[in-house]
Amino acid sequence: MRHHPDALSPLALRAQARGLFTLPAGQAQRWHACRTGELRVVRGLMWVTFDGPHPGTEAGPQGDVFVRAGERLVLPAGARPVLESVATPQQALGDAAFSWHAGQPLRSAAADLARALVDAGHAFVRLLGGGRGPRGA
7 MRHHPDALSP LALRAQARGL FTLPAGQAQR WHACRTGELR VVRGLMWVTF DGPHPGTEAG
67 PQGDVFVRAG ERLVLPAGAR PVLESVATPQ QALGDAAFSW HAGQPLRSAA ADLARALVDA
127 GHAFVRLLGG GRGPRGA
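In my numbering, each residue's number is its place in the sequence shown (first place is 1) plus 6.
Derived from the structure by calculation, the hints contain no laboratory data. Do not take every clue at face value.
As the list claims (entries may be wrong) - Derived CB-CB ranges, DEER-like: (1) 130 / 80: 27 to 37 Å; (2) 69 / 128: 21 to 31 Å; (3) 33 / 122: 30 to 40 Å; (4) 32 / 69: 45 to 55 Å; (5) 128 / 93: 23 to 33 Å; (6) 107 / 53: 19 to 29 Å; (7) 126 / 30: 34 to 44 Å; (8) 38 / 135: 47 to 57 Å; (9) 77 / 120: 34 to 44 Å; (10) 84 / 120: 41 to 51 Å; (11) 119 / 35: 29 to 39 Å.
Built from N, CA and C at the ideal position, the CB exists for glycine as well.
With the hints as constraints, model all of the structure from the sequences given.
This is the structure:
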């Protein structure tokens, strides 16, 4: 999403520099995922609409999806969804901010939790062993 530089506040310019995209409430934008990646919503609520196939079809569940702040949505290479920012009672302005991470390893929240539990288990073993554990610490 491109704006005339004079139309952006200094905060918006800094956000753009960090790889954040903003979408005002009620505005829609077609997104093209050249490579598989992850759409990460940082602020607001986004309504993501895929072209077909839709639920119940052979290629899998697509259609309308709502993605809230803190959530991620994996987009396969070639996907061309429409993104729209939706106003909510909690966020009067309704502007959404999101980032795109193409080609990076995709991990789910469950995988993150599993890794954290393994690390916690190793730390616990080291505590019980007086600092020695499976990692030789």
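Verification of the supplied hints:
Range check, residue 130 to residue 80: about 33 Å between beta-carbon atoms, so the 27 to 37 Å window is met. Between residue 69 and residue 128 the beta carbon distance is about 42 Å. The supplied range of 21 to 31 Å is therefore violated. A C-beta distance of roughly 37 Å is found between residue 33 and residue 122, which places it inside the suggested range of 30 to 40 Å. Distance hint check for residue 32 and residue 69: the Cβ-Cβ separation is about 20 Å, which falls outside the suggested range of 45 to 55 Å.
The given range of 23 to 33 Å is broken by residue 128 and residue 93, whose C-beta atoms sit roughly 45 Å from each other. At about 20 Å, the CB distance of residue 107 to residue 53 agrees with the hint of 19 to 29 Å. For residue 126 paired with residue 30, a C-beta distance near 42 Å keeps the hint of 34 to 44 Å intact. Hint check: residue 38 to residue 135, Cβ distance near 53 Å, so the stated range 47 to 57 Å holds.
Distance hint check for residue 77 and residue 120: the Cβ-Cβ separation is about 19 Å, which falls outside the suggested range of 34 to 44 Å. At about 30 Å, the CB distance of residue 84 to residue 120 disagrees with the hint of 41 to 51 Å. About 32 Å separates the C-beta atoms of residue 119 and residue 35, a value consistent with the hinted range of 29 to 39 Å.
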